[in-house]
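*Asks:* With the hints as a guide, bring the two chains together.
So the chains spell out like this:
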Amino acid sequence: MKKFVIGAAIGLGLALSAFSSAEAAKTLVYCSEGSPEGFNPAFYTSGTTFDASRPIFNKLAEFERGTTKIAPALAESWAVSNGGKTYTFKLRKGVKFHSTKNFTPSRNFNADDVVFSFARQWDKNHPYYKVSGGSYEYFNGMGMPDLIKDIVKVDDYTVRFDLNHPEAPFIANMGMDFASIMSAEYADKMMKAGTPEMVDQNPVGTGPFQLVAYQKDAVIRYKANPDYWAGKAKIDNLVFSITTDASVRYQKLKAGECHVMPYPNPADLAAMRKDPKINLLQQEGLNVGYLAYNTKKAPFTDVRVRKALNMAINKKAIIDAVFQGAGKVAKNPIPPTIWSYNNATKDDPYDPAAAKKLLAEAGVTNLQTNIWAMPVQRPYNPNARRMAELIQADWAKVGVTAKIVSFEWGEYLKRSKAGEHDTVLLGWTGDNGDPDNFLAVLLGCDAVGGSNRAEWCYKPFEDLIQAAKVTSDTAERTKLYKKAQLIFKQQAPWATIAHSIVFMPIRKEVVGYKIDPFGGHIFYGVDLK
Amino acid sequence: MFRFLLARIGVLIPTFLGVTVIAFGFIRLIPGDPIEVLAGERGVSTERHAELMIQYGFDRPIWEQYLSFLTNLLHGDFGQSIVTHKPVIDEFLTLFPATVELSLCGILFAIAVGLPAGIIAGVKRGSVFDHTVMTTALVGYSMPIFWLGLLMIILFSSILGWTPVSGRISYLYFFDPVTGFMLIDSYLSGQEGAFRSAVSHLILPTIALGTIPMAVIARQTRSAMLEVLSEDYVRTARAKGLSPLRVVGVHALRNALIPVVTTIGLQVGVLLAGAILTETIFSWPGIGKWMVDSIFRRDYTSVQGGLLMIAAIVMVVNLIVDLLYGLINPRIRHTR
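Taken in sequence, the protein lines are chains A and B. Sequential numbering from 1 applies to the first sequence in the numbering used here. Sequential numbering from 1 applies to the second sequence in the numbering used here.
Hint data in this document are derived by calculation from the structure and do not stem from the laboratory. No incorrect hints appear here.
Straight-line distance between alpha carbons at most 27 Å, and here's what the computed DSS-like set of lysine-lysine pairs gives: (1) A/K223 <-> B/K86; (2) B/K86 <-> A/K130; (3) B/K86 <-> A/K216.
In isolation and in its complexed conformation, chain B is listed as follows (with noise of 0.2 Å):
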């Protein structure tokens, strides 16, 4: 077990040296000078604009640059955002731990969800509910999250008038953040209702942000039951007696639960990728707005720190899921 870590942790370190190139490369490739977007129409100067381009660096060789990156990095320097003049580490750690609520809230709603649906679909295969879940998956993957989130904002914020708009908590709330998880803050405060005003700000975009992996996951949980029950060990099981609840719960379940892990895993790039724009719906302030902004304004020092900080956690993910899949499957014991 120690040597698969140690061995995993080998492949991260060159994988993340890739991430490096890929992530001060990405932003450079997109067409666009960074001091032009800063100065909008109004523009600047020649010499000014000389002058910034030193300022910020950008007037070095390209190697150069990036290998005064890489130096910082190892120091645990992100740089200063060009258009804030703060440090991207602190940008990076004040808005993510909104991200991180929202996934995992939205992670949590898909498995809740998905999960069940699945197995139940799959115990169930052909049944109306089999059809109807599958439908709804498909329904749910295929809409995109910013019509999905503006047709909830529209019935259930303002017509129905049962949830808020957006935002992390109501402007009557007010109190400095401890931990940045507006849920668990919120009930530190001890103002009341500021806990009950931060769930209720949660509920649509939790749904927004977690209907895609929902729906995956349904479907694969599905699949993967149906692939399992046909096997002889859970005819046997049947056979011995076992009640059903038993046979699918225990023995199909936890063989049919290899893939569905590896989905969800994946999923957290997904989820990622689906923050910007639930982020964006419900003015939710989290990191994929933050990039979203970022790349618009061509602040490259906060494109690549924060690209980078991202793909260092999908891998922390993805290491973390394989290491589970030996405690969920006996067979993929990390023993050699």
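In isolation and in its complexed conformation, chain A is listed as follows (with noise of 0.2 Å):
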């Protein structure tokens, strides 16, 4: 009987540290969809590496979270002058870099971790510019290059950045990974031990979360941390378990292995709604599925035909057969979401009578054309096959033959970019929450030949544009933006089609997640019950 007390006793106070031990480190498991192609978002352009580094790194400014507002982060003001040529950051005091097995800051973060993070990526001759490649694919594509003048340590909480010219989302793009900032320190340390590399395979932060272990195609492990200049995260630890298959992610959350899952099947929604242990969210994505004319090619070079061809497409039908209902009729090139969007524009309603007529004012009978099918599935386009079809299907009733093309997606993605097809779909999301990242990316005169699929450079357009971009007053920014919006609009260089709902299954157990509107996944600030 006394054994059996003991054993009980000690059964007990075994099973009571268990639920203690449970109850002190709180674990919340992320079924992620991939594995991170690094842990350095300097280097990749998927938002999966962002997903996996965003945890460890801070910016100079982020974007709240669940919103496209930037707010100031490791620097705490900023002031612009010189005419927006010049940008003066105000830095963080007290903010600790982590410490991991090979690395034990001896200082906080100041003036030299910010020049190293930019110079790296913007001085050829810097030390670590071709280190693990020297590949900065969005610090390029952002056009930063070519931007930046010089970069300055005032001292050693004050960075200038000079630039070559005003550019007003340069504020927002500091939010974006690319502007992740790193250790010089721990960058000074592993040049000199021969092993420069480490900074980007074992990354040292100052981010809420830092790494502890990742085992390829398997899991990522971070833990809390503990310093954190905003406050320590609500969570203890936060694990990535890679989950490649959508069905499979489900089931996993299904059976508690995992609390939040991205990139549901449209299938699964209905039963996700219905289970009382999965809270659906969901919310507009900062994203638009577009048909770009080619507006370099006849007929397309006649805005008759362009707009007739917008009116023969029913938009509803493809947002219910393609998009499953989880996506909007899109009558902008920029998303709801974005600060500018204009509500006055008027989409081209579907009218395949008045369309038919319009292209017989523009002289076009028997119209042979082909609509290019992307190979791959992406938010803004779950399906461009079904989509193409359903173009053509319409296009049909109008007397217009159009024949579906589609290729490997590195190859359609060249061809369309040298202007082979007639007309392309493509989409878009935002990297910034800045219209600029939209309408000069994709429908300005110098992403002709690249990102501008359209081909489409209209001047009274480029100028509303370019006159945005250096006007750092953001009233007189939403006014020019909205006209540019009309006026593309009249022009129609693209169908506008649709911008996808993002839907974000999470376990009711989850508290305070809000989906990012960037496609993000941001743990900072979710708790557990």
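*Replies:* This is the structure we're talking about:
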């Protein structure tokens, strides 16, 4: 009996300690969709990689969680001077870098780290420029090498960026992942040790979580940074359980093996809504799916033809069939979640009779053309082939015969960039919440032969977006962009098809999760009940 | 025996060289510019594209690229992934143990179930058991792995809650890999419940991967047994009054095993191919999934390096199978 009592007491003690340790350590498991390509976000462009590096790093400015509003982060404040050509950042004091097996920081974050993080990508003679492949696609893609004239450390807590020309989206760019701040002290140490690439493989940042371990295609483990400058995260451990198949992610969520999953199958949404253990969050995505007309090729040089074809497309039917309801008809080239979205724009109505008439007016009969359909699935277009088929059928009703063309993805991008298409389906997800990131990148004259698949360079539109780019007054910029959207609609270089709705199934015990409009997945500020 | 081994290795060298050509050429035959794929919708400028082509050496003539690939191979250098910038050999070695562990369990499951089922079906030809085994084998053989895998997950993990959905071990257990084999590492870790968790994670992927080889082995064993059982020496053995168990187990089985061993050897290739689907469904971090990702990303160095290593493994396994024949059947001893 005595033995039994002792045994029972030990058992109870163990059970209680197990319970209390489970209580003490909160672990949130996120079933991520793939392996990151690496942990230095400056090298990569994929959202999966940014999700994995974001917990580790901070930027000078960051987007408020769940919004596209930029707010101070490692920079407490900034000032714009010299006609928009100088940005001076006042840095936050007392920010600590993570301590790892290889590195214990001897000082707090300061201006040297900011200069290092940018100079590495900008200065071709920087000792770190070529380390780990030295391919800074976002930094280059955002035009930073030509924009930045100099990066100056004014004092330990002040950094100045001199620009070659005014650039209003510059602060928004500072909130992008390529602008993550790394430790200059760690970089020096690794360079001296002859292992500079360790800076990119075993990252050290100031972020809310610290990397503990990564097993490719299996798991990424993080622990909360106890010294985080904005306060320790509410969860103690963050685990990315890499699960590529969406159906399997859903099964794991149901079984409680993960708390949050991205990119559910549209077919599973109905069951998720009914599941008492799951909350299905949803928000309009920061994206646009479109069909671009090659405006350099006849008859698409004629605005009447483009307008007529726009009027022939039944977009509502596309939303129902392709997005299965998880989308919204697009009328502007920017999504409604971006400031300066022009709600006054009137979309081309679905009117096959009027379309037919307009085509006849333009002298176009028996038009033979093609529709390029992407071979990949994207949030802004979950099934391009199906979308192309629907457009093909709509156009057939107005006497236009379209052949559907598709290539392997790399080839598709290359050929459409070269302007081989008549019409091409593509889309865009915003990077920094600035209208310029859609309007200039996708429709600007500089982007012709690149990401401007309509090959459309229209001076009245271009003048407006260029004027908006160099104005730092947001109200003024809003006016200019709203006008630009009206011109876009009149000229119809694209048929704007849809903005997708992003769904995020989470377990009921997850508290405070907010959908990131940029499509990222952020766990600082999230708790478990 | 030694001369036979030398001759077989002599054949392996030109085969291996041929494989290098296929591995190198295969990924380059698939349309798609690796740099465009890397950049995605965002694209890269023409100048940057040219810079990257030079950086990765893709601007050089194809034969020059091949020769440099071959020269590096001879120095044991498989190159660096153009996506992760990590040495291909490191990535392969990190992921390979997971595939080996899964494949070994898969083949052991296939043999453990397929062999006895095939023997019994052969001996009891025409019985209910025979029909059941053959029907099950046909269904197993015909069922796509991804479908079987998902059905099992829904039934055993979601509805019954018997097994975990996917992965190699519960996230509750964390230890540094020693061998890369989760069963061994979890045992060595000494953490209570870790080994059990690793075993439970292996069950469904093992069945999913092992089902097709199991079906093939069962059918092959049955037909080999049928053939052998009608031989004169079996009738003689029976006439001598040997027990049925001895006739089947010793006299018949030994001869019936020769084609079965060949089949098992050939299943290694099937297992590696099946691992691609199984690893994707069960989030199993092995080389199958890595190869698929690398092909989609047009990661030339990873694909050519990975293919080469997989081909080398299949060749070595087949060599071992050839040598095993001699042990099983003295008539095929490689003496000359």
